[in-house]
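Assemble the whole structure, with the sequences as input and the hints as a guide.
Heads up: the protein sequence lines correspond to chains A and B, in order. Numbering-wise, my numbering comes out as the position in the first sequence, counting from 1, plus 52. Numbering-wise, my numbering comes out as the position in the second sequence, counting from 1, plus 52.
If you are wondering where the hints come from, they were derived from the structure by calculation, not from laboratory data. Accuracy of the hints is not assured; some may be wrong.
The following residues of chain A were derived to be distant from chain B, with all beta-carbon distances above 10 Å [what the hints assert, rightly or not]: (1) 159; (2) 192; (3) 258; (4) 321.
Okay, derived cross-link-like pairs now, DMTMM-like style, lysine to aspartate or glutamate, Cα gap no bigger than 25 Å in a straight line [unchecked claim]: (5) 225/B x 79/B; (6) 173/B x 95/A; (7) 306/A x 101/B; (8) 173/A x 101/B; (9) 225/A x 230/B; (10) 225/B x 95/A; (11) 173/A x 135/B; (12) 225/A x 159/B; (13) 306/B x 101/A; (14) 232/A x 162/B; (15) 232/B x 95/A; (16) 173/B x 304/A; (17) 173/A x 162/B; (18) 173/A x 160/B; (19) 306/A x 95/B; (20) 306/B x 159/A; (21) 173/B x 101/A.
Every residue gets a Cβ at the ideal spot worked out from N, C-alpha and C, and that includes glycine.
2 protein chains.
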Amino acid sequence: MGIAATIENPTKPEDAGLNDLVALVADGMSRVNSTILSRTGSDVAMIPEVANHLIASGGKRLRPILTLACAQLCGYVDVGGRDGDVKLAASVEFMHTATLLHDDVVDESDMRRGRVAARIKWGNEASVLVGDFLLGQAFRMMVEVGSLRALDILSAAATVIAEGEVMQLSAAKNLETDEKAYLAVIRGKTAELFAAACEVGPVIAGRSEAEQAAARSYGMNLGIAFQLIDDALDYGGTSAALGKNVGDDFREGKITLPIVLAYRRGSEEERAFWRRTLQHGEIGGDDLAAALACLQRHGALEETVARARHYGEQATAALAIFPDGPVKSALLDAVEFCIARAH
Amino acid sequence: MGIAATIENPTKPEDAGLNDLVALVADGMSRVNSTILSRTGSDVAMIPEVANHLIASGGKRLRPILTLACAQLCGYVDVGGRDGDVKLAASVEFMHTATLLHDDVVDESDMRRGRVAARIKWGNEASVLVGDFLLGQAFRMMVEVGSLRALDILSAAATVIAEGEVMQLSAAKNLETDEKAYLAVIRGKTAELFAAACEVGPVIAGRSEAEQAAARSYGMNLGIAFQLIDDALDYGGTSAALGKNVGDDFREGKITLPIVLAYRRGSEEERAFWRRTLQHGEIGGDDLAAALACLQRHGALEETVARARHYGEQATAALAIFPDGPVKSALLDAVEFCIARAH
Numbered sequence: 053m054g055i056a057a058t059i060e061n062p063t064k065p066e067d068a069g070l071n072d073l074v075a076l077v078a079d080g081m082s083r084v085n086s087t088i089l090s091r092t093g094s095d096v097a098m099i100p101e102v103a104n105h106l107i108a109s110g111g112k113r114l115r116p117i118l119t120l121a122c123a124q125l126c127g128y129v130d131v132g133g134r135d136g137d138v139k140l141a142a143s144v145e146f147m148h149t150a151t152l153l154h155d156d157v158v159d160e161s162d163m164r165r166g167r168v169a170a171r172i173k174w175g176n177e178a179s180v181l182v183g184d185f186l187l188g189q190a191f192r193m194m195v196e197v198g199s200l201r202a203l204d205i206l207s208a209a210a211t212v213i214a215e216g217e218v219m220q221l222s223a224a225k226n227l228e229t230d231e232k233a234y235l236a237v238i239r240g241k242t243a244e245l246f247a248a249a250c251e252v253g254p255v256i257a258g259r260s261e262a263e264q265a266a267a268r269s270y271g272m273n274l275g276i277a278f279q280l281i282d283d284a285l286d287y288g289g290t291s292a293a294l295g296k297n298v299g300d301d302f303r304e305g306k307i308t309l310p311i312v313l314a315y316r317r318g319s320e321e322e323r324a325f326w327r328r329t330l331q332h333g334e335i336g337g338d339d340l341a342a343a344l345a346c347l348q349r350h351g352a353l354e355e356t357v358a359r360a361r362h363y364g365e366q367a368t369a370a371l372a373i374f375p376d377g378p379v380k381s382a383l384l385d386a387v388e389f390c391i392a393r394a395h
Numbered sequence: 053m054g055i056a057a058t059i060e061n062p063t064k065p066e067d068a069g070l071n072d073l074v075a076l077v078a079d080g081m082s083r084v085n086s087t088i089l090s091r092t093g094s095d096v097a098m099i100p101e102v103a104n105h106l107i108a109s110g111g112k113r114l115r116p117i118l119t120l121a122c123a124q125l126c127g128y129v130d131v132g133g134r135d136g137d138v139k140l141a142a143s144v145e146f147m148h149t150a151t152l153l154h155d156d157v158v159d160e161s162d163m164r165r166g167r168v169a170a171r172i173k174w175g176n177e178a179s180v181l182v183g184d185f186l187l188g189q190a191f192r193m194m195v196e197v198g199s200l201r202a203l204d205i206l207s208a209a210a211t212v213i214a215e216g217e218v219m220q221l222s223a224a225k226n227l228e229t230d231e232k233a234y235l236a237v238i239r240g241k242t243a244e245l246f247a248a249a250c251e252v253g254p255v256i257a258g259r260s261e262a263e264q265a266a267a268r269s270y271g272m273n274l275g276i277a278f279q280l281i282d283d284a285l286d287y288g289g290t291s292a293a294l295g296k297n298v299g300d301d302f303r304e305g306k307i308t309l310p311i312v313l314a315y316r317r318g319s320e321e322e323r324a325f326w327r328r329t330l331q332h333g334e335i336g337g338d339d340l341a342a343a344l345a346c347l348q349r350h351g352a353l354e355e356t357v358a359r360a361r362h363y364g365e366q367a368t369a370a371l372a373i374f375p376d377g378p379v380k381s382a383l384l385d386a387v388e389f390c391i392a393r394a395h
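And the structure:
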């Protein structure tokens with residue numbers, strides 16, 4: 053087995069809105085965490101070291117939680133202790149972790165989840181290769197589960213995520229990006245994995261295509277809402293208090309929805325400002341404050357949150373075909389939680 | 053479907069030793085090439101551009117040829133035109149191409165297959181993401197074939213390849229690497245995919261475990277022999293005439309078997325030379341010539357070729373359980389071809 057990574061408890065006070073969901077899947081998540089530990093083990097010591105650096109630093113584990121919850125919502129029964137839901141949930145988290153490791157190389161990030169990025173500590177090469185290792189392990193676990201339909205969904209998601217990331221690359225620093233193009237990017241890079249994570253639940257529970265499509269739609273819309281709120285939060289959200297890390301997207305020249313909206317609505321002078329800062333990367337000490345003022349002037353953050361609320365409503369509506377009960381309630385709360393982060 | 057890549061004819065005169073094998077699988081390979089074209093298509097224009105840059109530049113396509121040949125050897129019949137052998141062969145080539153794209157980022161290579169590396173033309177980020185896209189497409193095709201056993205073999209190969217590459221990273225510039233450690237690296241980074249490419253042939257033909265194991269052993273040993281000859285060729289092989297690209301491994305500080313052998317057998321002065329050039333990267337104008345002289349003095353290249361011949365013999369022996377015929381003969385010739393490249 054070799055060396056294994058260790059996992060800290062990822063629960064944070066600001067994630068309290070997810071408490072019901074977390075409690076409902078607690079048993080499964082403890083098996084997901086053990087699976088993650090054992091599947092990052094390797095005799096090649098650098099693999100668990102790098103994987104552990106990122107996995108142990110937490111995150112909410114929202115994606116595997118969604119897989120377990122959607123399987124539970126659909127009455128999945130683990131015949132013979134084969135841990136189908138747990139292995140698919142762990143696969144989803146590995147796919148997400150692999151994406152983060154590769155993203156760091158793509159973005160040349162210095163930080164990730166409040167820690168120095170793996171690529172700074174071990175080099176780009178380790179981030180690329182350990183990401184590949186985790187992707188391989190994800191597919192091995194899916195194969196063990198033995199559902200060709202689940203394999204189909206998750207392998208298609210892997211290509212769509214990569215396409216979304218390449219699209220983002222092509223759109224980078226391009227202020228001509230419109231809302232439609234931006235939505236195509238976040239559907240790929242973020243929402244597709246949420247959608248796949250949810251869809252495989254009814255699939256392994258053997259439920260109808262209508263229920264599979266409903267779970268997929270819930271995940272897709274939730275994922276879009278989640279990313280839009282992230283984009284708003286990067287400029288402090290709609291609250292007056294500014295948290296840490298405000299302005300990361302600005303400094304990296306990322307064109308997100310708040311920028312798309314403010315640029316469209318901006319005066320010629322404001323557009324010149326966005327071109328100088330985001331397109332040419334000439335950012336001075338007062339520019340973040342000026343950017344925030346401009347976003348505020350055009351209501352760009354409120355508008356972004358309103359768009360997120362719209363997608364959240366579609367996520368909520370998608371769950372209508374499932375019977376009421378504690379899991380459905382908790383999944384509905386998760387939508388509220390994602391939106392409420394903005395305040 | 054979007055934009056698709058184009059494929060040039062990859063046949064080169066020096067590959068004539070493979071002619072029988074190439075002729076036997078010609079129909080299948082033409083379907084593999086069409087599949088590669090259609091599966092690199094994407095509405096995101098950068099994806100076929102980058103994929104095409106590498107795929108169209110050729111290479112012998114040895115791995116997919118092996119998949120088709122091993123399926124044919126085992127009497128695979130394509131029921132209902134589902135192209136199981138063709139899709140698995142294309143998957144194997146995509147896995148190989150993804151590895152090359154990611155390797156370029158890892159090695160910081162400037163050139164690949166005689167062309168400027170994709171990462172130089174489009175950046176590290178494009179190499180990482182298009183590699184991920186191809187890996188996702190590879191798994192989608194495997195899922196379409198529907199053999200869980202083939203999926204198991206190829207997903208396991210994906211993790212073993214990544215482990216081998218990380219091992220190589222840990223061993224880089226480390227002159228304490230011994231022959232055993234070096235063989236573990238090349239089993240992972242090269243031979244595992246050869247083994248998997250061969251093993252899936254009898255698998256989709258529904259043949260016995262003994263035949264699956266024999267095909268795997270043929271591929272594994274052929275892969276090791278292939279890599280050892282590559283290592284010798286990087287120092288010009290055993291021929292007096294030096295080809296182009298001689299000394300690439302030397303300039304990159306790669307510890308390959310010729311170096312492992314010469315370092316073990318070297319005088320204190322020679323060891324100091326290897327430490328200065330490979331470990332510390334202090335390479336002057338006369339150092340490649342000095343390195344070649346040192347390798348020659350200790351017979352390191354002949355010895356490397358002798359090791360390759362040993363693995364080649366094991367590959368040949370593994371085919372004994374299959375009935376004689378044109379495919380088996382051509383697979384035996386392929387072993388000879390791999391070894392003969394060194395002269």
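Checked hints:
no.	hint	in the structure
1	159	violated, 8 Å
2	192	violated, 5 Å
3	258	holds, 17 Å
4	321	holds, 33 Å
5	225/B x 79/B	violated, 44 Å
6	173/B x 95/A	violated, 36 Å
7	306/A x 101/B	holds, 24 Å
8	173/A x 101/B	violated, 32 Å
9	225/A x 230/B	violated, 48 Å
10	225/B x 95/A	holds, 20 Å
11	173/A x 135/B	violated, 45 Å
12	225/A x 159/B	violated, 28 Å
13	306/B x 101/A	holds, 24 Å
14	232/A x 162/B	violated, 37 Å
15	232/B x 95/A	holds, 15 Å
16	173/B x 304/A	holds, 22 Å
17	173/A x 162/B	holds, 24 Å
18	173/A x 160/B	holds, 17 Å
19	306/A x 95/B	holds, 22 Å
20	306/B x 159/A	violated, 28 Å
21	173/B x 101/A	violated, 32 Å
Violated hints for the displayed structure, listed by number in ascending order: 1, 2, 5, 6, 8, 9, 11, 12, 14, 20 and 21.
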